[in-house]
Amino acid sequence: MNYEIVLAGFGGQGILFAGKVLAYAGLLDGKEVSWLPSYGPEMRGGTANCSVCVSDEPIGSPLILDPQVLVAMNTPSFEKFINSVKPGGKVFVDSSMVDVKTDRTDIDVYYVPATQLATDNNMNGMANIILLGKLIKETEMFTLEQMEAGIRKTVPARKADLIDVNINAVKLGMAQ
Amino acid sequence: MERSLMKGNEALAEAAMRAGCKCFFGYPITPQTEISAYLAKKMASAGGLFLQAESEVAAINMVLGAASTGTRVMTSSSSPGISLKSEGISYIAGSDLPCVIINVQRGGPGLGGIQPSQADYWQATKGLGHGDFHVLVFAPASVQEMVDMVVRAFDKADEYRMPAMILADGLLGQMMEPVTFPEIKDNAPEKPWATNGHKNKREHNIINSLYLKPDVLENSVVERFERYKKIEETETDAECYLCDDADIVVCAFGATARVAKSAVNHAREKGIKAGLFRPKTLWPFPVKEINEASKNAKVLLSVEMSMGQMVDDIKLAINCSKPVEFYGRTGGVIPKPTEILAEIEKLGGVK
Numbered sequence: 000m001n002y003e004i005v006l007a008g009f010g011g012q013g014i015l016f017a018g019k020v021l022a023y024a025g026l027l028d029g030k031e032v033s034w035l036p037s038y039g040p041e042m043r044g045g046t047a048n049c050s051v052c053v054s055d056e057p058i059g060s061p062l063i064l065d066p067q068v069l070v071a072m073n074t075p076s077f078e079k080f081i082n083s084v085k086p087g088g089k090v091f092v093d094s095s096m097v098d099v100k101t102d103r104t105d106i107d108v109y110y111v112p113a114t115q116l117a118t119d120n121n122m123n124g125m126a127n128i129i130l131l132g133k134l135i136k137e138t139e140m141f142t143l144e145q146m147e148a149g150i151r152k153t154v155p156a157r158k159a160d161l162i163d164v165n166i167n168a169v170k171l172g173m174a175q
Numbered sequence: 000m001e002r003s004l005m006k007g008n009e010a011l012a013e014a015a016m017r018a019g020c021k022c023f024f025g026y027p028i029t030p031q032t033e034i035s036a037y038l039a040k041k042m043a044s045a046g047g048l049f050l051q052a053e054s055e056v057a058a059i060n061m062v063l064g065a066a067s068t069g070t071r072v073m074t075s076s077s078s079p080g081i082s083l084k085s086e087g088i089s090y091i092a093g094s095d096l097p098c099v100i101i102n103v104q105r106g107g108p109g110l111g112g113i114q115p116s117q118a119d120y121w122q123a124t125k126g127l128g129h130g131d132f133h134v135l136v137f138a139p140a141s142v143q144e145m146v147d148m149v150v151r152a153f154d155k156a157d158e159y160r161m162p163a164m165i166l167a168d169g170l171l172g173q174m175m176e177p178v179t180f181p182e183i184k185d186n187a188p189e190k191p192w193a194t195n196g197h198k199n200k201r202e203h204n205i206i207n208s209l210y211l212k213p214d215v216l217e218n219s220v221v222e223r224f225e226r227y228k229k230i231e232e233t234e235t236d237a238e239c240y241l242c243d244d245a246d247i248v249v250c251a252f253g254a255t256a257r258v259a260k261s262a263v264n265h266a267r268e269k270g271i272k273a274g275l276f277r278p279k280t281l282w283p284f285p286v287k288e289i290n291e292a293s294k295n296a297k298v299l300l301s302v303e304m305s306m307g308q309m310v311d312d313i314k315l316a317i318n319c320s321k322p323v324e325f326y327g328r329t330g331g332v333i334p335k336p337t338e339i340l341a342e343i344e345k346l347g348g349v350k
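Protein chains in written order, with numbering that gives the first Met the number 0: chain A, 0 to 175; chain B, 0 to 350.
Warning: the hint list may mix true and false statements.
[Unchecked claim] No farther apart than 25 Å at their CA atoms in a straight line, the calculated lysine-lysine pairs in the BS3-like style are these: (1) B:K314 / B:K125; (2) A:K158 / B:K40; (3) B:K269 / A:K85; (4) B:K335 / A:K85; (5) B:K228 / B:K190; (6) A:K152 / B:K40; (7) B:K335 / A:K30; (8) A:K136 / A:K30; (9) A:K152 / B:K41; (10) B:K321 / B:K294; (11) A:K85 / A:K136; (12) B:K321 / B:K287; (13) B:K321 / B:K345; (14) B:K272 / B:K314; (15) B:K335 / A:K79; (16) A:K158 / B:K41; (17) B:K297 / B:K269; (18) B:K314 / B:K228; (19) A:K136 / A:K152.
[Said to hold, decoys possible] Derived CB-CB ranges, DEER-like: (20) A:I162 / B:K41: 23 to 29 Å; (21) B:K40 / A:A174: 36 to 42 Å; (22) B:E217 / A:D65: 55 to 61 Å; (23) B:P188 / A:P57: 31 to 37 Å; (24) B:A43 / A:N1: 42 to 48 Å; (25) A:P57 / B:K229: 32 to 38 Å; (26) A:E137 / B:R2: 24 to 30 Å; (27) A:D163 / B:N295: 56 to 62 Å; (28) A:T138 / B:A39: 37 to 43 Å; (29) B:R2 / A:D65: 24 to 30 Å; (30) B:T179 / A:K100: 40 to 46 Å.
What the hints contain is simulated information worked out from the structure, not anything from laboratory work.
Every residue gets a Cβ at the ideal spot worked out from N, C-alpha and C, and that includes glycine.
Could you put the whole structure together from the sequences, leaning on the hints where they help?
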């Protein structure tokens, strides 16, 4: 296994959290993992992104410049990263938030109205996790059980009541 | 042992507490603020002291005071903040006091930027303040080494009665990786020199860096340099990766070494005999180790997030016996594996 993933969106959409869930799922699966956030003044209001590596081998650079997998949750992020995705890569787009499409035919792009789905299913703020559900279904990177374990590790103790809704959001994403 | 996922800054802070650090004095600056934030939360309940000083200058002088009492003490900053601390670091070195200083480097000079950099190599290894002195400089390349090296820094600082620095960078500080905390002990030795109160049971100790008589000052400096000589002989450390048969030895430390290792692996896949030499101590520079690692090499390539500050140390270490080339990015730009590979290919005769 060797996945290099970029997740990107607005600050507040749970980009860094979603990256941590993937990293923890990998860690619990015995893989080598790294998680690197963008940091600095762009965090508030602008775009936030993070690089996640999950691999059988020790990880070299944790900074991903040409990901195999991209999760894009707003238009500026989609436009910034879509052309850097490796040929054959997979892209997961929150189509409620991204109003453009790509012309690229050498990658698989999945448009999921994640924010709308979250609202419709009383899961506000879970668009990120819905996209992760779709991601693990299409990449077979992790099973539902592994994602569940990752979520249980990542959700802080004071928010433990949100674990179940996170897991349901993964299931909803997998059903798309 | 459980692997947990932690940021480099937080893992370092946790390890410092486990190593018996009882006082932390700091002032916030990106990209190291998580160290302060972590210790602000945890230090007091662990019986220690966290204090956010009014400035970097104040913080380093508080370190001097705490170190004088024999307490394990740490401060942390990033490049411009370390410059502010440099006067105090010289006083600490001149007073033969142990302490640990963290520099999570960002781009410079001046206020510079906030992205990762290694452009404080010269400052850390050659001139961290005025006067004749050195500090021990450790260069971690992973979150695990942020833990392991801070523990070692406390032990070695105490052993040699001198400041020790962890020269990290924004990438290592901000990234999360699996990390384990081995059984860490507070190995602080007896400190009979400490000014910690004695109720007239012994002669009083004096901590001082002022010697107005030149011959007395000279003696104190010479004694210190005898210690430095022993450190240069015994405390060097480095990682050698695929160096034995390497034609091209890439030299890189810290986060850059991770990128360079990927490039070395790619070069090997293409049939180019490349290896990686990674100094883990920057002062003392691993002279013996680099000569061993490059004994079969035709050329060395220093790769850094600076304009080539380590190149001269490499040339001196190998006595200019082989060409030393350089590739670097600076200002907060992280070199890509493909860029380093292209340099290796050039040196390997690949067009």
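Against the structure, the hints:
{"no.": "1", "hint": "B:K314 / B:K125", "result": "holds (15 Å)"}
{"no.": "2", "hint": "A:K158 / B:K40", "result": "holds (19 Å)"}
{"no.": "3", "hint": "B:K269 / A:K85", "result": "holds (21 Å)"}
{"no.": "4", "hint": "B:K335 / A:K85", "result": "holds (15 Å)"}
{"no.": "5", "hint": "B:K228 / B:K190", "result": "holds (22 Å)"}
{"no.": "6", "hint": "A:K152 / B:K40", "result": "holds (21 Å)"}
{"no.": "7", "hint": "B:K335 / A:K30", "result": "holds (23 Å)"}
{"no.": "8", "hint": "A:K136 / A:K30", "result": "holds (19 Å)"}
{"no.": "9", "hint": "A:K152 / B:K41", "result": "holds (21 Å)"}
{"no.": "10", "hint": "B:K321 / B:K294", "result": "holds (10 Å)"}
{"no.": "11", "hint": "A:K85 / A:K136", "result": "holds (19 Å)"}
{"no.": "12", "hint": "B:K321 / B:K287", "result": "holds (15 Å)"}
{"no.": "13", "hint": "B:K321 / B:K345", "result": "holds (17 Å)"}
{"no.": "14", "hint": "B:K272 / B:K314", "result": "holds (21 Å)"}
{"no.": "15", "hint": "B:K335 / A:K79", "result": "holds (18 Å)"}
{"no.": "16", "hint": "A:K158 / B:K41", "result": "holds (20 Å)"}
{"no.": "17", "hint": "B:K297 / B:K269", "result": "holds (18 Å)"}
{"no.": "18", "hint": "B:K314 / B:K228", "result": "holds (20 Å)"}
{"no.": "19", "hint": "A:K136 / A:K152", "result": "holds (21 Å)"}
{"no.": "20", "hint": "A:I162 / B:K41: 23 to 29 Å", "result": "holds (25 Å)"}
{"no.": "21", "hint": "B:K40 / A:A174: 36 to 42 Å", "result": "holds (40 Å)"}
{"no.": "22", "hint": "B:E217 / A:D65: 55 to 61 Å", "result": "holds (58 Å)"}
{"no.": "23", "hint": "B:P188 / A:P57: 31 to 37 Å", "result": "holds (35 Å)"}
{"no.": "24", "hint": "B:A43 / A:N1: 42 to 48 Å", "result": "holds (43 Å)"}
{"no.": "25", "hint": "A:P57 / B:K229: 32 to 38 Å", "result": "holds (34 Å)"}
{"no.": "26", "hint": "A:E137 / B:R2: 24 to 30 Å", "result": "holds (28 Å)"}
{"no.": "27", "hint": "A:D163 / B:N295: 56 to 62 Å", "result": "holds (60 Å)"}
{"no.": "28", "hint": "A:T138 / B:A39: 37 to 43 Å", "result": "holds (40 Å)"}
{"no.": "29", "hint": "B:R2 / A:D65: 24 to 30 Å", "result": "holds (28 Å)"}
{"no.": "30", "hint": "B:T179 / A:K100: 40 to 46 Å", "result": "holds (45 Å)"}
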